Structure formats: C-alpha cells, structure tokens
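So the chains spell out like this:
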Amino acid sequence: MKLVFRQLMLASLPAVMACAARGTVDGPAASTPEAGAAAVAPGFTAADVRFMQDMIGHHAQALVMAAMAPTHGAGTQLLLLAEKIDISQRDEIAMMQQWLADRKQPVPDGGHTHAMHMPGMLTPEQLAQLDAARGREFERLFLTFMIRHHEGALQMVDELFASPGAAQDPDIFRFVTDVAADQLDEIGVMEYMLEILAAHGGSEIR
Amino acid sequence: MHRTRLVAAAIALIMAAAAAAPLVAQDVTATMDDPRAGLAAGEKNTAGQAALHMRLVAFAPKPAEFDSARGLTFINSDLAFRGDIVYQGNFSGFSVWDVSDPASPRLRSTVVCATDQGDPSIYGNLLFISAESPRSRKDCGIQGVEDGGDRMRGVRIFDVSDPDQPRLVKNVQTCRGSHTHTIVPHPTDAGTIFIYVGGSSSVRDSAELADCSAGALAENPNTAQYRVDIIRVPLSSPEEATVTGFARIFEGLQRPPGRGGVAISDTATGRGARGPSGCHDLTSYPAMNLVAGSCGSFGILLDARDPERPARLDAAADLNFSLWHTAVFSNDGRSVVFTDEWGGGTAPRCRATDPQRLGGNTVLRIENGRMAQHAYFKMLAAQTETENCVSHNGGLVPVPGRDIMVQGWYQGGVNVFDFTDPANPIEIAYFDRGPVDAERLVVGGSWGAYWYNGYIYSSELSRGLDVLELLPSEFLSENEIEAAKLVRMEEYNPQMQPRIVWPAAFPVVRSYLDQLARNRGLPESRTTAIGATLDAAERATGRARRDQLNRLAAELDRDAAQASDAARVRAMAEAVRELANASR
Numbered sequence: 001m002k003l004v005f006r007q008l009m010l011a012s013l014p015a016v017m018a019c020a021a022r023g024t025v026d027g028p029a030a031s032t033p034e035a036g037a038a039a040v041a042p043g044f045t046a047a048d049v050r051f052m053q054d055m056i057g058h059h060a061q062a063l064v065m066a067a068m069a070p071t072h073g074a075g076t077q078l079l080l081l082a083e084k085i086d087i088s089q090r091d092e093i094a095m096m097q098q099w100l101a102d103r104k105q106p107v108p109d110g111g112h113t114h115a116m117h118m119p120g121m122l123t124p125e126q127l128a129q130l131d132a133a134r135g136r137e138f139e140r141l142f143l144t145f146m147i148r149h150h151e152g153a154l155q156m157v158d159e160l161f162a163s164p165g166a167a168q169d170p171d172i173f174r175f176v177t178d179v180a181a182d183q184l185d186e187i188g189v190m191e192y193m194l195e196i197l198a199a200h201g202g203s204e205i206r
Numbered sequence: 001m002h003r004t005r006l007v008a009a010a011i012a013l014i015m016a017a018a019a020a021a022p023l024v025a026q027d028v029t030a031t032m033d034d035p036r037a038g039l040a041a042g043e044k045n046t047a048g049q050a051a052l053h054m055r056l057v058a059f060a061p062k063p064a065e066f067d068s069a070r071g072l073t074f075i076n077s078d079l080a081f082r083g084d085i086v087y088q089g090n091f092s093g094f095s096v097w098d099v100s101d102p103a104s105p106r107l108r109s110t111v112v113c114a115t116d117q118g119d120p121s122i123y124g125n126l127l128f129i130s131a132e133s134p135r136s137r138k139d140c141g142i143q144g145v146e147d148g149g150d151r152m153r154g155v156r157i158f159d160v161s162d163p164d165q166p167r168l169v170k171n172v173q174t175c176r177g178s179h180t181h182t183i184v185p186h187p188t189d190a191g192t193i194f195i196y197v198g199g200s201s202s203v204r205d206s207a208e209l210a211d212c213s214a215g216a217l218a219e220n221p222n223t224a225q226y227r228v229d230i231i232r233v234p235l236s237s238p239e240e241a242t243v244t245g246f247a248r249i250f251e252g253l254q255r256p257p258g259r260g261g262v263a264i265s266d267t268a269t270g271r272g273a274r275g276p277s278g279c280h281d282l283t284s285y286p287a288m289n290l291v292a293g294s295c296g297s298f299g300i301l302l303d304a305r306d307p308e309r310p311a312r313l314d315a316a317a318d319l320n321f322s323l324w325h326t327a328v329f330s331n332d333g334r335s336v337v338f339t340d341e342w343g344g345g346t347a348p349r350c351r352a353t354d355p356q357r358l359g360g361n362t363v364l365r366i367e368n369g370r371m372a373q374h375a376y377f378k379m380l381a382a383q384t385e386t387e388n389c390v391s392h393n394g395g396l397v398p399v400p401g402r403d404i405m406v407q408g409w410y411q412g413g414v415n416v417f418d419f420t421d422p423a424n425p426i427e428i429a430y431f432d433r434g435p436v437d438a439e440r441l442v443v444g445g446s447w448g449a450y451w452y453n454g455y456i457y458s459s460e461l462s463r464g465l466d467v468l469e470l471l472p473s474e475f476l477s478e479n480e481i482e483a484a485k486l487v488r489m490e491e492y493n494p495q496m497q498p499r500i501v502w503p504a505a506f507p508v509v510r511s512y513l514d515q516l517a518r519n520r521g522l523p524e525s526r527t528t529a530i531g532a533t534l535d536a537a538e539r540a541t542g543r544a545r546r547d548q549l550n551r552l553a554a555e556l557d558r559d560a561a562q563a564s565d566a567a568r569v570r571a572m573a574e575a576v577r578e579l580a581n582a583s584r
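Chains as they are written, first to last, in our numbering: chain A, 1 to 206; chain B, 1 to 584.
One thing to keep in mind: the hints can contain errors.
[Said to hold, decoys possible] Stretch-level coverage of chain A by chain B, calculated; a stretch enters the list once three of its residues show a Cβ under 8 Å from a Cβ in chain B:
| id | region |
| --- | --- |
| 1 | 88-96 |
| 2 | 168-177 |
[To be verified] The calculated label-pair distances, taken between Cβ atoms and stated as ranges, are:
| id | chain 1 | residue 1 | chain 2 | residue 2 | range |
| --- | --- | --- | --- | --- | --- |
| 3 | B | Pro185 | A | Ala46 | 43 to 53 Å |
| 4 | B | Glu146 | A | Thr123 | 37 to 47 Å |
| 5 | B | Thr242 | A | Ala162 | 40 to 50 Å |
It is worth saying that the hints were derived from the structure and are not from the lab. Please read all numbers here as calculations on a predicted model, not as lab measurements. Every residue gets a Cβ at the ideal spot worked out from N, C-alpha and C, and that includes glycine.
Given these sequences and hints, build the entire structure.
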C-alpha cells in the first residue's frame with residue numbers, strides 16, 4: 001500500500017529537519033544519517049486515519065456503558081472501574097480528535113456510537129439489555145460486554161499494526177501502544193471481577 | 001499534616017470492603033490553592049514558574065536538531081549519567097551534555113537516530129538506547145520504514161568513549177522492540193552485563209525477524225509475549241551482544257486479593273487468562289539482588305541472584321493502578337515506590353477533578369520477599385487541560401536516615417517527597433512551569449528528575465534540560481543537603497539503582513541529629529547538648545577528636561535505650577563511630 005498521505009505531511013515538515021546531524025553514527029549495520037533531504041520523518045497512512053476515526057466511535061460506546069454504572073446498582077469495585085474507563089476514554093477521544101484535526105482529517109464527534117462494524121461493539125439490543133439490568137446482573141453483563149469491547153479494541157490495534165507502513169507516526173504509535181497495554185490489563189482485572197462475581201452467591205462486588 | 005490525614009482516610013475508604021458509593025465525592029483531588037496552579041504558558045524558559053525549597057540553576061534549550069514541537073517525534077526522554085556527562089535520550093536520537101559546570105551545561109554532541117523512545121543507559125563507554133517504534137531504522141535514518149528488512153526494534157549500543165563522536169556498534173534486535181531496558185551486571189564476571197528488555201508492544205512478523213510469533217502461552221509455547229527478553233553483552237566485544245534468552249516471570253501469576261481496592265474473595269483464584277504481556281520497565285538493585293518489575297496491572301518483585309533466571313518473589317495489584325510504570329527502592333531495600341502512568345503520559349491527569357489515588361505513586365513495604373501496600377502519593381497542585389501530567393520517573397536523593405525521592409510529573413513539574421514513613425509520604429520541595437501552550441495540549445514537562453552528584457537534572461520533553469538545586473527548609477536541613485552532596489557517583493542509571501554509602505563526615509552525623517530534633521526522637525535538651533559536643537569535636541583534631549567522638553557514641557548508645565526514635569539514635573551512634581575511626 002502506498003503511503004497516500006505522505007505528501008501532505010511533507011508540506012508541513014518543520015524547517016528544522018534540514019539540519020545536519022552533529023554526531024556521527026556508523027557500525028556494522030548502520031551508516032551516517034544523511035543531512036538535509038533524507039532527514040524526513042515518516043508520515044501517516046490511510047489506515048492510521050481510519051483507525052483513529054473508528055476508535056473514537058468505539059470509545060464513545062464505552063462511555064455510554066460506563067455512564068450507566070452509578071444508576072444501575074453497581075458495587076464499589078465496578079464503580080471504580082467505570083470511573084477509570086470514563087476518564088481515560090474521554091481523554092483519549094479528545095486526543096484522537098486532536099490528532100485528526102492536526103492532520104486536517106475529518107474528525108468524528110465523540111457522540112457517534114453507530115459504527116456497528118467494529119469488533120467488540122455492542123448491538124443496540126445488547127445495550128438495551130445492559131440498560132435494563134440492575135445490581136449483580138448489571139455487573140455481570142457490564143463485565144462480559146466490556147471484556148468483549150476491549151478485545152475488539154485489541155483486534156483493531158493488531159489489524160493496524162498488520163497494515164503496511166501504519167503506526168510509524170510516533171504520536172499514533174505511542175497512543176495505540178498505550179491503549180493496547182491499558183485495555184489488555186483491564187481485561188485481566190475484569191476477568192478477575194467476573195470470577196469473584198461468580199464465586200459470590202448474590203451481592204454485587206463490594 | 002492535614003493532607004496526609006486525608007490520604008490515610010481515602011485509603012481506608014478504598015480498603016473498606018463495604019464503602020458506600022459514590023466514592024468520588026470523598027476523594028482527595030488536586031487543589032487550585034497552590035502556587036503551581038495557574039502559571040502562565042510559554043515555550044523554552046518563558047513560562048511562569050513556581051518553586052518551593054528548590055532553585056533552577058540552569059536551563060539548556062534542546063539542540064537545534066530536536067527543536068520542534070511536532071507531536072512526539074522530537075521529544076526528549078530519559079537521562080543517564082557518567083562522570084561529567086549527562087546523556088539525554090530523545091525520540092529521534094540523543095544529546096550528550098557536559099555538566100562539569102552544572103550552572104552551564106555544554107552540548108558536546110547530538111546524534112540524530114530515530115529510536116522512540118530512546119531511553120539511555122550508560123555502562124563504562126557503552127551507551128544503550130531503547131528502540132521500540134516501527135519507524136526505527138537499522139541505519140538510524142528518520143524517514144521511516146517501508147521494507148521491514150530496514151527495521152530496528154530492540155537495543156542499540158553506541159561506543160561513547162569519545163563523547164564528541166558516538167559510534168553505533170551494534171543493533172540488538174528483539175521481537176517486540178525495547179520500550180525501556182535495565183542493566184543487571186553479571187554477579188561474578190565483571191566483563192559481562194545482562195539487559196532486561198521492557199515493553200509490550202506488537203510482535204514482529206517472523207519474516208522480519210526469525211523466531212518471532214505472538215499469541216497466548218497455552219496455544220503458542222514460543223510466543224514472544226508474556227516474557228521479558230534478556231540480552232547478554234560481553235563488554236569487551238559489544239558487537240557480539242545478543243538475546244540470550246527470556247524469563248517467563250508471569251506464569252501462574254495470581255491477582256492478589258484484598259489490596260488497595262481489589263475485591264476480597266476466598267474462592268476466586270484470581271488467575272485471569274491474560275496477565276501482563278510484558279513489563280513497562282524493571283528496576284534492578286544489584287546490591288540487593290532484587291529487581292522490581294512494573295508489569296501491566298502488577299508490580300512484581302524478583303530475586304535476580306541468577307540474572308538469567310530471575311525468580312518471582314511476590315506481586316501486587318491494585319484496581320486504582322492502571323499501568324504500573326516504574327519502581328524506586330529505598331536504599332535499605334525495605335520499601336519500594338511504584339508509579340502509575342495512568343493514560344500513558346500524554347494525557348492531563350492532574351486536573352482539579354482527578355483523584356489522588358489515580359495516576360500517582362504507591363509505597364510498598366518489603367518484608368521477607370513479600371510486599372505490603374501503604375499510602376498513595378501524588379503531586380497535588382491542579383494543572384490545566386493543556387498540561388500532560390501523571391506520575392513519572394525519578395530516583396533517590398541521598399539523605400542519610402531518610403527515604404527521599406525526586407520525581408518528574410511531566411507538566412506537573414518536578415517534586416521531592418519523603419517516604420520514610422510509608423504510610424505518610426509528604427512533599428518537601430517542588431519546581432513547576434506553566435503549560436507549553438495555553439490553547440492546546442503540547443506534550444512537555446519533566447520526563448524524569450534525578451539527583452546526581454549534588455544537583456537535580458530534569459529532562460524536559462519539549463524544552464531541554466533543567467538543572468535544579470535543593471535549598472534548606474524546615475523539611476530538609478543544610479546538613480542533610482550537604483551530606484547528600486558528599487555522595488559521589490561515577491555512573492548512574494535510573495533503572496539500575498546503586499547502593500548509597502555515605503562517607504564518615506560531620507554533615508552525615510549532623511543530619512541524624514537534625515532529624516532527631518525535627519521528629520523529637522530525643523528531648524531538646526539532649527539534641528542541643530549533642531550539637532555542642534559535635535561542634536567541639538570538629539574544632540579538635542587527631543586523637544582528641546577521636547576520643548570525644550567515641551565518648552559521644554557511647555552516650556548515644558545509652559540515649560537509644562530511652563529514645564522514641566531508637567533506631568535513628570543507633571544509626572547516629574554508628575555514624576559517629578565511623579567518624580571517630582576516620583579521625584587521626
């Protein structure tokens with residue numbers, strides 16, 4: 001795949017890139033970095049842009065789910081988790097929006113949750129099912145759905161990395177690496193909470 | 001302290017199994033009532049500043065090669081120290097600073113080499129640099145990678161015997177690249193070191209690097225995930241450095257119940273199918289044979305007597321901790337501070353609404369290889385939406401008798417806190433600037449702040465290099481600062497913690513005395529009398545001094561019996577004896 005957006009990036013490259021390296025680098029598999037024209041940072045790809053646009057919608061649905069926790073009888077543990085998901089993913093949406101805007105790409109607003117084609121997204125029926133549940137049943141559904149939702153995000157990250165030339169822009173690389181680490185570990189926490197829920201006869205996780 | 005009582009209350013609340021929802025209302029959050037809140041924005045050294053018991057000695061702007069605010073591409077990363085040289089990592093290379101005059105850092109050289117995140121370590125004349133991003137090239141170019149054969153993810157080794165001409169001698173490739181790395185010296189062979197590779201990024205295709213594959217351990221025993229790669233470096237022939245193996249330190253890892261917000265259950269095994277896939281970083285403490293790994297949602301303590309086969313001693317987990325990030329041991333190895341880089345460092349997580357228990361530190365006590373969690377600690381001056389801020393890197397300030405750490409909080413600035421009492425950490429000094437930009441979040445601030453031979457060096461992501469100095473205060477006496485300045489290091493890597501040893505000296509002894517006066521560990525009449533005895537001993541010389549000091553040590557032995565802080569009195573007696581022995 002061609003790096004279709006590279007030219008756009010070239011136009012906005014800072015003049016500082018023309019500076020020569022003062023130190024020298026050489027070695028068995030290395031050569032001295034060229035001054036001037038060769039010193040060009042990689043751009044971003046169409047896959048990068050699509051990932052960021054899609055992930056905004058993906059995160060937006062997590063916010064909808066997290067917002068239910070305080071009113072649906074969730075216990076302390078789940079409230080803490082939902083609070084963390086809410087703050088994190090709200091910030092991440094803002095970050096993705098700025099990334100897209102900085103690169104003059106269409107920016108979805110954070111309210112769109114209809115992108116059903118994305119992995120791990122809840123169907124409208126599943127969202128309604130979650131919304132109708134209370135207490136222990138809400139917790140069970142929340143954890144089950146959120147694990148699936150997070151797994152979907154990890155799948156999106158894997159697909160991005162598998163796409164040629166993608167995720168080389170340091171900002172998107174850092175972002176997706178952090179999101180993946182964050183969500184992988186949250187899955188571990190949620191699996192544990194589900195296990196506790198199953199082990200406890202009746203009450204919510206407190 | 002009002003604040004510390006609140007901290008204890010918040011933790012008690014979280015630990016309580018039946019706390020009422022919502023918790024957020026009772027949380028300790030950042031405060032606007034602090035000189036660090038509301039500082040004016042500005043690039044370089046133009047932003048508003050606030051400082052307490054700390055002074056900016058020098059600011060050196062980024063070298064021209066990296067002087068760009070283009071997202072993360074040219075941000076500075078971590079520091080490493082040797083002699084008069086400070087190595088400063090950058091996402092696109094590194095800078096070599098001469099700080100023989102700390103008030104005026106001089107740039108020796110700059111190497112442009114795309115290497116996110118570029119964390120450096122120095123060992124003799126070898127500089128190790130972490131490369132993780134898919135854009136990193138074998139030839140150091142910054143144009144990106146189109147052919148995987150050009151890619152370099154792993155640890156680069158530079159020969160820096162000539163600081164003006166760093167020379168790349170080896171690229172050690174790893175399956176997931178290197179986000180961070182940690183030197184663990186060979187226990188008996190001075191000519192060999194090991195490097196633990198931190199990071200949990202995507203696994204490369206086996207077509208790009210042989211024997212790399214991903215997947216769950218149960219399905220793929222050779223998976224490059226769920227392990228820590230280990231590199232062996234023969235120091236005399238670094239070009240032969242190679243991945244020598246890996247450690248599967250997460251096998252059978254259980255989520256320990258009941259700690260800091262994780263629910264207690266008698267029946268749950270806590271064995272989630274997917275534990276951490278790697279460690280963000282690991283801190284080695286070779287003098288204690290310990291390594292503390294910050295691995296996903298776990299803080300892990302390792303016995304590294306055999307560096308090629310580290311053994312897990314214990315693991316901690318906490319629902320409030322998102323990404324266990326870095327560890328710093330107390331000098332006696334009995335406490336460890338873990339940081340949580342909630343949000344990855346590019347998000348503003350020190351706003352007035354952000355709670356203390358998220359994105360800060362926690363202090364754990366280590367006893368018989370087991371960790372017990374104590375307080376949270378976070379920089380609590382409210383920062384703006386355009387300041388990325390969360391707990392980040394730091395190290396010990398070598399004050400005898402106390403556990404003191406200096407730390408960078410990105411745009412939350414640098415602060416210094418005392419965690420001698422693991423249940424009551426308190427802030428004792430700080431330095432902060434306003435945001436890089438008032439309108440939008442431009443990533444900046446302190447990546448890490450470290451005490452090195454008398455000064456604090458802070459790597460500013462966006463601006464450059466800051467050199468700071470501690471000033472005496474009610475929290476830290478002139479003697480304590482002077483004693484810290486007596487500790488000289490030839491080499492210092494934040495992730496390889498050296499054991500601090502203080503010389504026999506009056507400021508060291510007086511540090512203990514100042515501490516006993518401050519915490520009323522001895523009656524005031526005694527501390528005054530001891531102070532007078534020390535003054536007299538210092539005026540004396542040779543044998544007279546030695547005799548006076550030995551008499552004082554004997555008195556202190558007797559004092560310890562009734563002292564409310566007996567351990568400190570005994571430590572002081574020991575320091576007085578050392579000083580007596582050194583007096584001839």
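Against the structure, the hints come out as follows:
Coverage of the region 88-96 of chain A by chain B holds [criterion: at least 3 residues with CB-CB distance below 8 Å; count 4]. Note: the region 168-177 of chain A has 8 residues with beta-carbon separation from chain B under 8 Å; the three-residue rule is met and the coverage holds. Against the hinted window of 43 to 53 Å, the Cβ-Cβ separation of B/Pro185 and A/Ala46 comes to about 47 Å, which satisfies the hint. Evaluation of the 37 to 47 Å hint for B/Glu146 and A/Thr123 yields a pass: the beta carbon distance comes to about 39 Å.
Judged by the Cβ atoms, the range 40 to 50 Å given for B/Thr242 and A/Ala162 is violated: they are separated by roughly 28 Å.
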